[in-house]
Amino acid sequence: MQATLQTLTPVIIDIFGDMFFLFPEESQGPGGGRGVWHRVAVDISGRSPCRLTFFFAEATALTMAENYLGLDVETIKRPLISDVLKEAVNVMAGNLLNRQNDDSILGIPAYLGTMEQLDGSGSEDQIDLLVDGEPLRVTLSPIKV
Amino acid sequence: MSIHILIVDDSKAALFMFEKIIQLSGIDTGTIRKAENGLEALAVLETFPECNLILTDLNMPEMNGVQLLEQLKAKPLTRDIPVIVITTEGRDGFLSQAMERGASASLRKPSRPELVKSVILKTLGVEEDASHITDPYTGDY
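Note that the protein sequences, when read in sequence, are chains A and B. So the first sequence is numbered by numbering that gives the first Met the number 0: it starts at 0 and just counts up by one. So the second sequence is numbered by numbering that gives the first Met the number 0: it starts at 0 and just counts up by one.
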C-alpha cells in the first residue's frame, strides 16, 4: 500500500502538469476543512484489490475543467466538470499501473458526489498534496474479495 | 481526402478534447461523430457508412474497446476501417488483446496533440505536414 502511494505521488504531479497545467506540491500535513469537496473513486482488481478515492477542492475542480476543456468555467455545465474529474482519475490510476508495471485491472471511475467537510486527520494510507494552495487528498483502501 | 472519424470514449470530456485536437490539427476532417461505448459505436456506424477511421478508448462500460474491435472485424462493412485504440495503461494484456484483434495503432492518455495527429495520419497512410500542428489550448503553432 505504501509503495503504491509513493508511486502515485509523482504520477499525480506529472498528469496534473500534462493535462491541466497545474503543479501540485507535497503538503506539510493533511489539509481539509469546510467547503465543497468532489469525490471520485476507482477500483483496481488483481493481486491486491484496492480502491483509490480522490478528494478535489471545488476551486481545483473548476480550474481542472477550465484548463482541460479550454473553455471559460462559466460556460461549463456541472456534469462535464465531474466528467473531467473522472477522466483525470482514470488517467492517473492507469498511469500508476503502468509505472508499477502492474497487470491489475482498472475499473471505471465513479463520481461519488460532493461533501461539505474533509477531515484534517492524517493516515498512512493517504496522500495530501496542495494544488494552487488547495488541498488534494487521495486515500487507498483494500477491497475484500 | 476528407477523414470521417468516429470517436468512442465513455468520458464526455475526453470526447470533447479529442474532437478539439482533431479539428485544430489541420487534418482535412469531414464528419466527426461520437459514441460513449462500444454498443453505441456500433449503432452510430449503421448510419455512418462514410466513416474511415475509428478512435476508441479501451476501458469502457457496456462494451469495451476490445469487444468493439471483435464486432467491427467480424462485419464486412466495418472490418476494413482502421481503428486506433486509446488507453491509459500500457498493460500488455489489454493492449495486446486489442492489437491481436486488429487495432492499427495505439495512443496513450494523456497524448500531446502533435502525437495524436501524427498517429492518425500514419494510420491512414497520409504524409504529414508539420506546419499545420496547432496547440488546442493556446492556438500556437
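Where hints are given, some of them may not hold.
[Stated by the list, open to error] Output of the computed footprint for chain A on chain B, the stretches with three or more beta carbons under 8 Å from beta carbons of chain A: (1) 18 to 25; (2) 51 to 64.
[Stated by the list, open to error] Listed next, the in silico PhoX-like pairs over lysine-lysine satisfying Cα-Cα at most 20 Å (straight line): (3) B:LYS72 <-> A:LYS76; (4) B:LYS33 <-> B:LYS19; (5) B:LYS33 <-> B:LYS11; (6) A:LYS76 <-> B:LYS74; (7) B:LYS33 <-> A:LYS76.
[What the hints assert, rightly or not] Using C-beta positions, here's what the derived DEER-type ranges look like: (8) B:PRO75 <-> A:PRO48: 40 to 46 Å; (9) A:GLY45 <-> B:PRO75: 51 to 57 Å; (10) A:SER44 <-> B:GLN22: 34 to 40 Å; (11) A:PRO48 <-> B:SER95: 50 to 56 Å; (12) B:VAL43 <-> A:ALA109: 46 to 52 Å.
Quick caveat, the hints were computed from the structure, so don't treat them as lab data. Ideal Cβ positions, reconstructed from N, Cα and C, are used throughout, including at glycine.
Distance restraint hint 51 to 57 Å, applied to the beta-carbon atoms of A:GLY45 and B:PRO75:
38 Å, violated
Is the Cα-Cα distance between A:LYS76 and B:LYS74 20 Å or less?
Violated. A:LYS76 to B:LYS74 sits at ~38 Å, over the 20 Å cutoff.
Between A:SER44 and B:GLN22, does the beta-carbon spacing fit 34 to 40 Å?
Cβ of A:SER44 to Cβ of B:GLN22: about 37 Å, so the range 34 to 40 Å holds.
Given the proposed pairing of B:LYS72 with A:LYS76, does the C-alpha separation stay at or below 20 Å?
Outside the cut-off at roughly 37 Å; violated.
Chain A over the segment 18 to 25 of chain B, status - at least 3 residues with CB closer than 8 Å:
violated (count 1)
Within 46 to 52 Å: is that where the Cβ-Cβ distance between B:VAL43 and A:ALA109 falls?
With Cβ atoms ~25 Å apart, the hint is violated.
So does A:PRO48 sit 50 to 56 Å from B:SER95, Cβ to Cβ?
23 Å, violated
Would the pair B:LYS33 and B:LYS11 pass a check requiring their Cα atoms to be no farther apart than 20 Å?
Holds, at about 9 Å.
Counting residues of the segment 51 to 64 of chain B with a beta carbon closer than 8 Å to any beta carbon of chain A, are there 3 or more?
With 3 residues closer than 8 Å to chain A, the segment 51 to 64 of chain B meets the three-residue bar; holds.
Pair hint B:LYS33 and A:LYS76, alpha-carbon separation not exceeding 20 Å
19 Å, holds
Verify the CB-CB distance for B:PRO75 and A:PRO48 against the hinted window 40 to 46 Å.
Holds - the Cβ-Cβ distance for B:PRO75 and A:PRO48, about 41 Å, lies within 40 to 46 Å.
Does the structure keep B:LYS33 and B:LYS19 at a Cα separation of 20 Å or less?
12 Å, holds
Checked against the numbered hints listed earlier, the structure breaks hints 1, 3, 6, 9, 11, 12; every other hint is satisfied.
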